[in-house]
Amino acid sequence: MLSMLLAYDADGNVVGTLDHVVARDADGNVLGLVDFEAHELAGGEMTDVWSVEDAKGSKSWPEWLGGRAGEFRVELVGPPGAKRIAALVHKRSGVRRDRAVLDAAVAARIAAAGGAPADIADLVGGPNRPLQLDADGRSLPPAAPAAPVLPVLPVLPGRSSRG
Amino acid sequence: MSTHGSSVISRHGQYVRTRSTHGSAGFDPTPTAPFYGSQADVEPMPVSDVSGQIDGGSQILPGSIPPTAFASTIRPPMVVTALPALPSSSFPQGSLVFLTTDQKLYRNTNGSTWSKATDGADILADSITAGQIAAAAIGVSELAAGAVTADAIAAGTISARHLAIGTGQNGNLLRNGGFEEGNGPSDVWSTDGSLIPGWSRGPSWQWNSTIYASGTHLLSLLSDGVVSNWGCSQRVPVVPGRTYRLSGRCWPTTSGDTAQILAHARAADGSNVAFNALVAVSTTTPSSQSGADTYTVPAGVAFLDVYCRWGGTPVSGRQFHFDDVALELVPAAAQNATAEVVIDEAGIAVTNGKITVNNPSGTVLIDGTSEIFLLAATGTLAVNTPTGSPTTNSNSVTLTLGLPYVPAAWAYRNDNADPNLMAPLPETIYNPISGAIRNSKRINVIKASSTQTTFRVYVDHDGGMNISTVYRYFILSRQAF
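Protein sequence lines correspond, in order, to chains H and Y. In terms of this note's numbering, the first sequence has 123 at position 123, counting the first letter as 1, and numbering is strictly consecutive. In terms of this note's numbering, the second sequence has 112 at position 112, counting the first letter as 1, and numbering is strictly consecutive.
Just so you know, these hints were derived from the structure itself, not from any lab. Wrong hints could be hidden among the right ones.
[As the list claims (entries may be wrong)] Short, incomplete list of chain Y residues facing chain H, as computed with Cβ under 7 angstroms:
#1 Ala377
#2 Ala382
#3 Asn395
#4 Ser396
Just so it is clear, CB atoms sit at the ideal spot from N, CA and C, and this is done for glycine as well.
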């Protein structure tokens with residue numbers, strides 16, 4: 001599944017993110033977005049994609065947090081050479097964002113769709129559409145669009161309301 | 001042997017007549033000598049005695065009846081090895097002969113001419129089938145103008161490669177615009193409407209082969225001194241919104257007379273929409289003059305009537321000549337006035353890397369010297385400031401995908417907690433230092449830079465920032481155009 005990359009230092013502090021990379025062929029034609037998780041599961045190293053000064057390593061993470069990712073540190077799991085980020089812990093509040101919980105929520109949303117495309121944007125955000133977090137690092141519900149309170153000219157009779 | 005009347009029929013079937021002794025002495029039927037031979041007194045028999053009695057199959061000597069023996073209304077066909085000279089009393093009008101040298105049946109149609117032609121009116125209607133027409137015998141000239149309509153053409157059979165669009169003869173919408181086709185003798189003034197195919201006859205015209213601008217013929221008109229602005233015309237269907245170009249050459253033989261090639265715009269019902277919508281040539285010079293004109297067809301116009309004509313009312317007997325008349329469809333959006341863009345079979349040719357697109361609201365210019373940047377990657381970098389001064393703190397990201405482009409970089413300070421802190425880089429941040437009298441502010445400049453492989457955000461400062469600052473970067477690929 002499409003995901004972002006988190007680069008972390010020796011203490012696990014997130015020092016850099018990569019929301020997406022557009023892959024192109026030798027002629028510059030767009031091939032698509034690079035699937036970081038697939039590369040990771042296939043045993044690939046993220047240094048195949050990028051390198052970050054002051055970073056010890058980088059791994060994929062299934063949600064987009066934008067610059068707020070810098071407020072977290074990573075928890076790794078797995079054997080050497082095959083580690084994955086299991087959770088993000090907010091450095092100030094201690095709030096955890098667990099991969100297993102997120103994966104289960106996404107799986108449930110997909111199952112509920114019954115084969116139809118499932119919208120998981122409220123669960124994971126997206127490239128250039130990071131999740132909104134509160135001060136403690138918890139996800140905020142998507143903001144509902146609200147009509148501004150502005151003077152409105154009435155629609156004249158016989159005219160389309162679409163103007 | 002019959003003794004009826006005064007005739008005697010011999011045993012050999014030959015009429016023999018004897019003198020009648022009927023009357024006073026009676027008839028002595030007993031001959032004194034045999035009848036057959038010369039001793040009998042034979043006289044011709046009156047026709048009335050043999051009417052309806054002669055058997056043509058056995059009693060008429062073969063070849064003994066000459067053609068002249070037939071009634072005047074009967075002319076049996078004759079077999080000949082050469083056409084008899086006409087006129088001939090032996091072969092009056094209506095005579096038929098079979099000429100063995102070409103195996104054709106000839107008729108004397110008018111008393112002086114043998115003809116083997118068949119009048120089309122003599123052919124039974126709807127009797128000619130496809131098998132009786134030689135392959136490739138029917139050409140375009142045999143088709144009536146406008147006979148082929150869209151619904152008569154099988155769907156999907158005409159592709160773009162069949163369409164001749166462009167300048168020159170191949171794109172001429174007029175039939176016989178060069179007047180190379182003719183249905184009669186050249187160089188003879190005629191009122192025959194079929195003389196020059198494709199064109200309707202106006203005044204006396206001539207399929208002129210003695211003078212021509214190109215090819216072997218041109219059109220010549222002869223003024224009658226009565227009618228003004230008269231000439232030949234041809235109607236061409238046109239499409240609203242498309243541009244057409246009329247061209248040709250013409251001239252009067254007398255200086256001061258006016259020769260014209262022009263077109264009027266007509267509605268679908270033939271009514272006039274615009275006189276002189278196109279005027280390719282209008283000249284009083286008695287030598288070949290060429291010209292062209294273009295016209296974008298407005299709504300409501302279905303035809304252009306192209307005219308080759310004289311202007312005004314010239315004196316009777318004045319001549320006017322016309323050649324190379326062409327009506328062409330100007331390709332849509334192929335070229336502008338300065339021919340900066342050419343669309344042809346090879347595609348789009350861009351002159352000097354420039355494609356100009358005009359629209360009602362203005363001109364959109366896509367210039368090959370401009371740069372187009374596409375977002376290749378984006379993310380954030382945390383720049384943690386160390387204490388102490390002076391020093392330079394930095395963080396950077398390097399994409400290692402070996403992308404074949406030159407990246408540019410852009411970044412701004414992005415703190416989701418306070419959108420007001422978003423600012424493009426470079427950014428100068430002033431930080432107060434407590435307890436200091438002088439240097440009451442620390443100046444920190446947050447910058448970004450990039451090379452072909454590395455994007456970097458860094459801080460030039462003389463102290464430290466008290467927060468870890470996160471910056472969003474954008475790595476852009478500069479696309480060649």
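Tested hints:
Annotation: interface hint on Ala377(Y) holds; nearest CB of chain H at approximately 5 angstroms, less than 7 angstroms. Against a cut-off of 7 angstroms between C-beta atoms, the interface hint on Ala382(Y) holds, since the closest Cβ of chain H lies about 4 angstroms away. Using the Cβ-Cβ criterion of 7 angstroms, the hint placing Asn395(Y) at the interface with chain H is satisfied: the shortest such distance is roughly 5 angstroms. For the restraint placing Ser396(Y) at the interface with chain H, the shortest Cβ-Cβ distance is roughly 4 angstroms, inside the 7 angstroms limit, so the hint holds.
When each numbered hint is compared with the structure, no violation occurs for any of them.
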